[in-house]
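Could you build the full structure based on these sequences and the hints that come with them?
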Amino acid sequence: PLRPSPLGPRAQVRVCADGGANRVFDGMPELLPGHARDDVRSRYKPDVIKGDMDSVRPEVKEYYSNLGTKIADQSHDQDTTDLHKCVAFITDNSPGSDKSNLCILVLGALGGRFDHEMGNINVLHLFPNIKIVLLSDDCLIFLLPRTHTHSIHIERSVEGPHCGLIPVGTPSTSTTTTGLRWNLDNTHMSFGGLISTSNIVDEDQVMVTSDSDLIWTISLRH
Amino acid sequence: MPPLPTMTHSSSFLLPSSSPPAPPTGADAENAVSYAVVVLNQRLPRFAPLLWTRARLRVCADGGANRVFDGMPDLLPGEDPDEVRVRYKPDAIEGDMDSVRPEVKEYYSSLGTQIIDDSPDQDTTDLNKCISFITRNPPGPDNSNLFILVLGALGGRFDHEMGNINVLHRFSNTRIILLSDDSSIFLLPKTHSHEIHIERSVEGPHCGLIPMGAPSSSSTTTGLRWNLDNTSMNFGGLLSTSNIVEEEIVTVTSDSDLIWTISLRKHT
Numbered sequence: 009p010l011r012p013s014p015l016g017p018r019a020q021v022r023v024c025a026d027g028g029a030n031r032v033f034d035g036m037p038e039l040l041p042g043h044a045r046d047d048v049r050s051r052y053k054p055d056v057i058k059g060d061m062d063s064v065r066p067e068v069k070e071y072y073s074n075l076g077t078k079i080a081d082q083s084h085d086q087d088t089t090d091l092h093k094c095v096a097f098i099t100d101n102s103p104g105s106d107k108s109n110l111c112i113l114v115l116g117a118l119g120g121r122f123d124h125e126m127g128n129i130n131v132l133h134l135f136p137n138i139k140i141v142l143l144s145d146d147c148l149i150f151l152l153p154r155t156h157t158h159s160i161h162i163e164r165s166v167e168g169p170h171c172g173l174i175p176v177g178t179p180s181t182s183t184t185t186t187g188l189r190w191n192l193d194n195t196h197m198s199f200g201g202l203i204s205t206s207n208i209v210d211e212d213q214v215m216v217t218s219d220s221d222l223i224w225t226i227s228l229r230h
Numbered sequence: 002m003p004p005l006p007t008m009t010h011s012s013s014f015l016l017p018s019s020s021p022p023a024p025p026t027g028a029d030a031e032n033a034v035s036y037a038v039v040v041l042n043q044r045l046p047r048f049a050p051l052l053w054t055r056a057r058l059r060v061c062a063d064g065g066a067n068r069v070f071d072g073m074p075d076l077l078p079g080e081d082p083d084e085v086r087v088r089y090k091p092d093a094i095e096g097d098m099d100s101v102r103p104e105v106k107e108y109y110s111s112l113g114t115q116i117i118d119d120s121p122d123q124d125t126t127d128l129n130k131c132i133s134f135i136t137r138n139p140p141g142p143d144n145s146n147l148f149i150l151v152l153g154a155l156g157g158r159f160d161h162e163m164g165n166i167n168v169l170h171r172f173s174n175t176r177i178i179l180l181s182d183d184s185s186i187f188l189l190p191k192t193h194s195h196e197i198h199i200e201r202s203v204e205g206p207h208c209g210l211i212p213m214g215a216p217s218s219s220s221t222t223t224g225l226r227w228n229l230d231n232t233s234m235n236f237g238g239l240l241s242t243s244n245i246v247e248e249e250i251v252t253v254t255s256d257s258d259l260i261w262t263i264s265l266r267k268h269t
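Just so you know, the protein sequences line up as chains A and B, in that order.
Here our numbering is used: the first residue of the first sequence is 9, the next is one more, and so on.
Here our numbering is used: the first residue of the second sequence is 2, the next is one more, and so on.
Think of the hints as simulated: they come from the structure by calculation, not from any bench.
Fair warning: this is a prediction, and the values are worked out from it, not measured in the lab.
Positions of the beta carbon are idealized from the N, C-alpha and C atoms, including for glycine.
Misleading hints may appear alongside valid ones.
What the simulated footprint calls covered on chain B by chain A, stretch by stretch (three residues with Cβ under 8 Å from a Cβ of chain A suffice, anywhere in the stretch; the number is not a length) [what the hints assert, rightly or not]:
| id | stretch |
| --- | --- |
| 1 | 52-62 |
| 2 | 154-164 |
| 3 | 229-237 |
Not close to chain A: a few residues of chain B, all C-beta gaps over 12 Å, as computed [what the hints assert, rightly or not]:
| id | residue |
| --- | --- |
| 4 | Asp75 |
| 5 | Asp127 |
| 6 | Phe134 |
| 7 | Pro140 |
| 8 | Asp143 |
| 9 | Ser145 |
| 10 | Asn167 |
| 11 | Pro212 |
| 12 | Ser243 |
| 13 | Glu248 |
| 14 | Thr262 |
Selected chain B positions facing chain A (Cβ under 10 Å, derived; list incomplete) [what the hints assert, rightly or not]:
| id | residue |
| --- | --- |
| 15 | Pro46 |
| 16 | Leu76 |
| 17 | Leu77 |
| 18 | Pro78 |
| 19 | Gly79 |
| 20 | Leu112 |
| 21 | Ile116 |
| 22 | Ile117 |
| 23 | Thr126 |
| 24 | Ser173 |
| 25 | Thr175 |
| 26 | Thr192 |
| 27 | Cys208 |
| 28 | Gly209 |
| 29 | Ser241 |
Now the structure itself:
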């Protein structure tokens, strides 16, 4: 029986941002070494390749285009990042008008060029009403908008124990948590002062309330 | 309001050299820049041997010692691994010692490396401890021309990366540069007007200015493709990312501390 890749068969829309298409083309067969490369490539076919097309290899674009992948060339728009364009595309085209159950999982947004990483984190702040999760081999991050109290369910078999809460955009005068080894209690956090890093999840549920948008981060188990 | 004092920045430490520079003497020694290197627990960037050779003090944060032990011979494949390890020996290994392999710690200890076990202190990060150590034990006469080059601070676990960036804010009077294979970043404190000298052979063209931790109401630049002109920046709004350096000197003034970032060229 085939072992599905963790996200592929469950996602409803799969979008590659420009050179992300190269990564799928080259990388999916490598992650599924027991299967024929062409089978993997046609099974793991993006619905859309979006962006300014300066990184995707021409033959990769051609290959997916022939399989029906939509190519959305936005090279004229230099004002938004590739991730921003993809999130906008997904929200414009997501099944159903209710976005409250939409969760966008992003691969490749962390690490690499630092300005890219920061631009990607900014997308979380620009779309605070959409659940966007940035994932790497080591961790995942998402925004906790200040407009809500947050209840984070921890899947201990795949994530933790290391976690953190980061006031990336603006200091937080008051943040309160439960479920962490070092909980915050109406605590002030800011760059230059205290930020919550190398914390530990102690319970299956972590609660966070803050007067500022925070970035939640948790390590992923290997 | 009096004009801000100017702080100049240069990445000349990334320039290749055919031989390690001789330590400056006499009058030059007083103004000369000195480098310290800190290695954190991630794969060494390709220019690690170059920076290590330039530095007068080398400190590994805990598992960073594993990375030097394993990684330096890999980066110098034409040379005998044992000779490489002896030549690239840290002056100190500092941290809570939960990552460094016992045999690596033993190896360096027997070569004279100082082992500083800080396990009781859970309140500060490994990088924080190393910076404190270096500022208390500067390689030169004082810290005024000391630049601390940090390898392995970016990428990896996001909370570690953010904690490392916070060290730049907490030690805003110390020149600390975080380096990866892809990027170089450092703090531009709001107390100064900044002149960043671009070494085009090793860095650029992609750059950015990030108001990390607090919005900036007004930033102004010269030398970039998309300059800022009294522009406000914040997360949730505009950030300067994917910008391009157009001139050899970039100037930046801001009402907020900003993080400057520039891409490193692949052959660096």
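Regarding the assertion that phenylalanine 134 of chain B does not contact chain A, is the least Cβ-Cβ distance greater than 12 Å? Check passes; 19 Å lies beyond 12 Å.
Status of threonine 262 of chain B, Cβ more than 12 Å from any chain A Cβ: Non-interface label fails for threonine 262 of chain B: nearest chain A Cβ at 4 Å, not farther than 12 Å.
For the hint on threonine 126 of chain B, does the least C-beta distance to chain A fall short of 10 Å? holds, 7 Å
Status of the proline 46 of chain B interface restraint (C-beta, 10 Å, chain A): violated, 13 Å
Against chain A, with CB atoms and a cut of 10 Å, does the hint on serine 173 of chain B hold up? Check passed: Cβ of serine 173 of chain B comes within 7 Å of chain A, closer than 10 Å.
Closest C-beta approach of proline 78 of chain B to chain A relative to 10 Å, hint status: violated, 25 Å
Let me know if the C-beta of leucine 112 of chain B comes in closer than 10 Å to any C-beta of chain A, holds or violated. violated, 30 Å
Beyond 12 Å from every Cβ of chain A: is that where the Cβ of proline 140 of chain B lies? Proline 140 of chain B clear of chain A: closest Cβ-Cβ about 26 Å, beyond 12 Å.
Does glutamate 248 of chain B sit more than 12 Å from chain A, CB to CB? Its Cβ never comes within 12 Å of chain A, the nearest being 18 Å, so this holds.
Aspartate 143 of chain B remote from chain A - nearest C-beta pair above 12 Å: holds, 24 Å
Test coverage of the stretch 52-62 of chain B by chain A using CB-CB distances below 8 Å; three residues minimum. violated (count 0)
Non-interface claim for serine 145 of chain B, where every Cβ of chain A lies beyond 12 Å: holds, 22 Å
Hints 1, 5, 10, 11, 12, 14, 15, 16, 17, 18, 19, 20, 21, 22, 25 and 26 from the earlier list are contradicted by this structure; the remaining hints agree with it.
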